[in-house]
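Taking the hints into account, I'd like the entire structure generated from these sequences.
Given next are the chains, with one letter for each unit.
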Amino acid sequence: MSVHVLPLRTYVLVFLALMVFTAITVAAAFLDLGPLNTVIMIGIAGTKATLVVLYFMHVRYASRLIPIVILAGLFTLFILITLLFSDYGNRGWLGVEGR
Amino acid sequence: MWLFLATEILFFGGLFAAYALFRWSYPESFRAGSHELDIVLGAVNTAVLIASSLTMALAVRGAQVGRARLTAGLLAATVALGLVFLAIKGVEYHHKHVEHHVPGPAFIFEGSGSEHAEMFFVLYFAMTGLHALHMVIGVGLLAALIPFAWRGAYTPENHNFLEGAGLYWHFVDVVWIFLFPLLYLVGRHSLH
Numbered sequence: 002m003s004v005h006v007l008p009l010r011t012y013v014l015v016f017l018a019l020m021v022f023t024a025i026t027v028a029a030a031f032l033d034l035g036p037l038n039t040v041i042m043i044g045i046a047g048t049k050a051t052l053v054v055l056y057f058m059h060v061r062y063a064s065r066l067i068p069i070v071i072l073a074g075l076f077t078l079f080i081l082i083t084l085l086f087s088d089y090g091n092r093g094w095l096g097v098e099g100r
Numbered sequence: 351m352w353l354f355l356a357t358e359i360l361f362f363g364g365l366f367a368a369y370a371l372f373r374w375s376y377p378e379s380f381r382a383g384s385h386e387l388d389i390v391l392g393a394v395n396t397a398v399l400i401a402s403s404l405t406m407a408l409a410v411r412g413a414q415v416g417r418a419r420l421t422a423g424l425l426a427a428t429v430a431l432g433l434v435f436l437a438i439k440g441v442e443y444h445h446k447h448v449e450h451h452v453p454g455p456a457f458i459f460e461g462s463g464s465e466h467a468e469m470f471f472v473l474y475f476a477m478t479g480l481h482a483l484h485m486v487i488g489v490g491l492l493a494a495l496i497p498f499a500w501r502g503a504y505t506p507e508n509h510n511f512l513e514g515a516g517l518y519w520h521f522v523d524v525v526w527i528f529l530f531p532l533l534y535l536v537g538r539h540s541l542h
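Residue numbers (this note's numbering), protein chains in the order written: chain U, 2 to 100; chain Z, 351 to 542.
Any given hint could turn out to be false.
As the list claims (entries may be wrong) - Just a few of them, taken from the derived set where beta-carbon distance is under 7 Å, the chain Z residues facing chain U:
1. Trp352
2. Ala356
3. Gly363
4. Leu371
5. Leu404
6. Ala407
7. Gln414
8. Arg501
9. Thr505
10. Phe528
In short, the hints are calculated from the structure, not lab data.
For glycine and all other residues, C-beta sits at the position ideal for the given N, C-alpha and C.
Quick look at the structure:
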């Protein structure tokens with residue numbers, strides 16, 4: 002466990018950044034940006050999640066092992082979604098009845 | 351704790367994958383379904399949960415600097431915010447029940463995109479339900495830690511258990527950070 006105590010200011014700044022990003026993502030949802038809407042949405046959610054993980058969960062100051070564990074989880078999820086879409090995305094190419 | 355959270359990524363990940371697949375298959379229905387959710391309650395709940403993450407992080411910091419009473423107080427604040435989140439979620443579920451948007455025989459959805467809208471609500475209830483279950487567990491866990499924190503069980507030298515409980519709480523917050531835009535903010539602009 003880290004003995005590194007972050008200053009109060011860091012926590013408050015991260016909190017404010019999270020709130021600002023929430024406001025931006027809600028506002029952006031009302032604009033019609035086509036496919037960019039989803040990109041912005043996921044981008045902001047990813048940024049917020051990264052802030053929580055790095056500062057509230059202290060990963061920035063933790064041992065190198067922790068990010069490896071997190072990335073292993075995320076990478077497995079990436080494989081799951083990639084294989085799912087490579088299956089569903091390519092069904093029906095051959096025109097077989099009942100797919 | 352981190353290994354457990356890595357498995358939790360995949361626990362929720364299965365639902366995120368299902369969401370991605372069905373949204374890709376039926377974009378219109380997802381837009382129509384998402385439009386029926388209460389964006390104000392969703393946004394307020396997002397703010398509540400982020401605030402609870404702040405109080406949780408500060409509770410751990412309180413233990414790091416050896417302030418037992420402060421730690422207990424901040425834990426109590428985190429529990430209170432968690433309960434506010436669950437109460438708002440309950441109000442939303444009640445609205446969905448009244449509007450016949452709970453999937454099942456009583457499900458009624460009219461207008462464009464109605465064909466597969468039930469799928470959106472299946473995922474809405476599965477994802478927010480699993481998230482709410484995690485919240486209930488988290489609230490119970492943190493509430494149980496308050497008396498220990500009050501008596502100074504978490505010291506600057508050893509507050510591992512509190513830190514672990516905090517990691518769990520932040521993880522649940524991170525899941526909501528993704529759920530909120532994916533469920534509430536899809537296609538807000540296209541149906542006005």
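So, going through the hints one by one against the coordinates:
1. Trp352: Constraint on Trp352 of chain Z satisfied, holds at 5 Å.
2. Ala356: Status holds, d = 3 Å.
3. Gly363: 4 Å, holds
4. Leu371: 6 Å, holds
5. Leu404: With Cβ-Cβ at 4 Å, under 7 Å, it holds.
6. Ala407: The hint holds - Ala407 of chain Z has a Cβ within 7 Å of chain U, the shortest such distance being about 4 Å.
7. Gln414: This interface hint holds because 5 Å falls under the 7 Å limit.
8. Arg501: 20 Å, violated
9. Thr505: 11 Å, violated
10. Phe528: 5 Å, holds
Hint check: violations occur at hints 8, 9; the rest are consistent with the structure.
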